[in-house]
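Engineer: Using the sequences and the accompanying hints, generate a full structural model.
Okay, here's what each chain looks like letter by letter:
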Amino acid sequence: MIPTSEVLIFSMALLCIGVLGVLTRRNAIVILMSIEMILNAANINFIAFSQTLNNLVGQIFGVFVIVVAAAEAAVGLAIVIALYRNRGTINVDEINLMKW
Amino acid sequence: MDFTLLMFRVLASAALVCGILVILCRNAVHSALFLVGVFISVAGIYVVVGAEFLAVVQVLVYAGGILVLFLFVIMLVGKDAMVGKRRMRLLATVGTILIILFGLLMAQQLNVAGEGGTTGPDADSTRLGNIERVGLALFQDYILPFEVASVLLLVAMVGAIVLAREAY
Amino acid sequence: MMDILGSLFSWLPVELWIMRPELCLTLAAFLTLIFSVARRAFQPRWLGYFSIAVTAAVGAPLLDLFRRTTELPGQEFVAWNGMFVVDSFAVFFKVLFLLAAILTMLMSIRYLDVEKAHTGEYYALIMFAVVGMMFMVSARDLILLFVGLETMSISTYILAGYLKRDRRSNESALKYFLLGSFSTGIFLYGISLVYAVTGSTHLRVISDAIAEGLVNHPLLVLGLILMIVALGFKIAAVPFHMWVPDTYEGAPTTITAFFSTAVKAAGFAIVLRILVEGMLSARMHWAPLVVILSAASMIIGTLGALLQENVKRLLAYSSITHVGYLLMGVLAVQRGADTGARGMVAIAVYLLAYTFMNMGAFGLVVALRREGLVGDQVDDFTGLARRAPLAAFSMLVFMLSLGGIPATAGFIGKWYLFGAAIKADYVWLAVLAVLASATSLYYYLRVVVRMYMGEAEEEGGLRPSGALASALVISLVFTILMGLYPQPFIWLAQHVVLY
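Protein chains in written order, with the numbering used here: chain B, 1 to 100; chain V, 1 to 168; chain S, 1 to 499.
Treat the hints with caution; some may be incorrect.
[Stated by the list, open to error] Derived, one-sided and incomplete: chain S residues facing chain B with beta-carbon distance under 7 Å:
1. Phe77
2. Asn81
3. Gly82
4. Ile143
5. Leu188
6. Lys423
7. Ala430
Please keep in mind that the hints were generated in silico from the structure rather than gathered at the bench. Heads up, the beta-carbon is just placed ideally off N, CA and C, and yes, glycines get one too.
Structural biologist: The following block contains the structure:
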């Protein structure tokens with residue numbers, strides 16, 4: 001049996017890796033990958049606790065999270081393609097037509 | 001230490017190592033490949049905790065669908081978009097060390113927070129398999145969000161086509 | 001008329017009957033999508049008129065539901081395993097979304113022609129966004145709330161990047177998408193921790209579990225903090241506002257107007273739903289965070305707007321300031337219709353006023369747009385009073401209203417909001433808000449001064465299309481009406497109560 005504290009440590013570590021990726025990487029596609037890892041971290045909590053609590057809500061939520069992740073990836077990559085077509089770069093640092 | 005706990009620890013470590021490599025790699029293709037590692041390890045964890053349905057969906061949607069999409073776009077935007085900067089690598093390395101320290105700190109805190117509960121396949125679920133139970137819940141109690149999710153997928157599909165095609 | 005429409009749906013089972021607005025709008029969006037494939041037969045312009053007509057028609061079942069839910073205090077219809085609820089709170093917000101969507105679509109028809117980007121999908125996406133908002137304000141379960149939220153978000157990501165040949169629009173969409181989906185991830189992680197502690201995603205069950213003594217559970221507090229951070233991104237509160245100026249500037253102007261009214265109202269609706277219906281017992285944990293967000297938004301929003309030469313950017317920063325004001329209302333919110341509901345009424349009145357005046361201000365930017373002129377610089381307004389006195393006058397009214405001058409809608413909204421903050425013992429926050437709105441007059445009046453004092457470089461009026469003109473007239477009339485005779489609007493807002 002898996003102690004819940006270990007599940008939480010694991011999911012939090014994955015969350016932190018994802019957040020770090022979003023904050024440090026400048027390639028839009030890798031940022032998107034980091035966001036997918038954050039969604040996975042949330043899903044691990046939902047599904048592991050679904051078994052601990054012995055109710056299925058967490059697993060149902062997990063299904064919807066995966067649906068949303070797929071939809072976001074599709075739209076996000078379409079935005080990246082539209083941007084690349086106009087700008088020739090997907091580096092977030094170089095995308096600064098508008099100043100702060 | 002029993003087998004499920006061992007498996008969980010192995011898979012979790014694999015997922016974390018792959019996750020760190022995703023944000024450390026300068027080449028986006030390598031990042032994508034390590035991301036597969038994360039997804040497969042997480043799918044393995046779902047099997048360990050007894051959520052087979054989610055494990056299958058995870059492999060099909062993430063490793064099968066999303067990853068292919070990522071690779072496709074990386075190839076499309078070309079080689080120059082794949083290379084990151086040194087500066088960021090240093091930042092990410094420092095960050096990784098911070099994560100490990102944070103994890104060790106949390107480990108002591110969470111033994112209190114986790115209430116000592118454990119997780120694993122529950123005994124009551126033997127009558128129906130995991131897939132049947134998830135399916136019944138999804139189509140009986142949670143049919144409304146399921147239907148709204150179908151609208152969401154339609155929006156995403158239309159949107160992706162609208163944005164990615166060249167003409168209006 | 002009402003009876004005919006009522007009998008049209010009477011055969012529906014009650015679960016679907018209370019979802020009439022959502023069903024009609026989804027169906028209309030499907031039809032628009034199908035029609036938009038046949039471009040020769042159905043011009044996008046006509047699809048626009050069709051979408052506006054349907055969206056307006058959806059108002060009828062909504063008003064019927066409003067009448068039914070306000071018959072008795074606390075009257076509500078619950079269906080779908082307790083996760084979909086139609087109460088006066090939800091219906092009020094749905095009316096607000098419809099209003100914003102109609103005004104947006106009215107402004108869009110000529111704008112998209114000028115941008116040479118007129119397709120039917122645009123209108124379908126706006127309607128899908130509204131459907132998502134409607135589900136999220138009616139959700140009492142975090143699963144439905146999340147799916148509705150994402151339907152809205154994904155539609156708006158696409159709409160932000162809709163002018164795909166415009167670099168600024170691409171950039172706007174990318175920034176909005178990356179920060180939006182990042183905040184979605186944080187939101188989900190927060191929900192997962194709350195679920196881990198309480199064992200449910202239903203807001204009422206969560207509320208009971210918190211009241212029964214889980215309130216200081218460290219994981220619950222962490223989950224709550226993460227959820228507030230994510231909601232801060234969605235409503236654009238400082239320090240989670242960095243995407244706002246760029247996204248608002250780069251997105252198509254009509255969509256910027258939609259973001260700043262409907263999307264923001266939807267964000268506040270779920271903030272209220274989650275914090276009041278689910279987390280009121282944990283108020284001591286979230287109230288300090290909301291105080292910080294509110295004060296920071298007022299300060300940074302006001303300072304940021306002072307320097308802007310671009311009207312869309314100026315309105316973006318001003319919208320951040322307005323989020324700061326609205327968050328004061330969240331602090332004053334309590335459950336039930338008695339004294340505690342003051343915060344809720346204040347937020348409702350303010351959002352109503354804000355929808356009209358902000359839509360109007362962006363409408364003027366849309367009206368300036370023509371071939372070869374984006375029309376979003378403050379300089380583009382120079383001397384407008386001589387060229388187009390009526391347009392200049394309406395911009396004057398919208399700017400004064402945004403600044404909160406008496407006899408305009410904005411004043412009524414601020415009066416209620418600041419009063420609610422003072423009654424809730426946040427006097428220093430109210431003082432800060434008064435200072436911020438006094439300072440904000442400077443940058444609103446800067447536009448007015450340019451319009452009335454400057455010399456126009458070109459001749460000729462604005463010649464807006466009929467649809468755009470009607471959107472401006474609606475906004476203008478309601479902005480003035482709400483300032484001079486606010487009683488009916490306040491009566492409407494008094495029904496916005498969560499029990």
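Engineer: Broken hints, numbered, in rising order?
Structural biologist: 1, 2, 3, 6, 7
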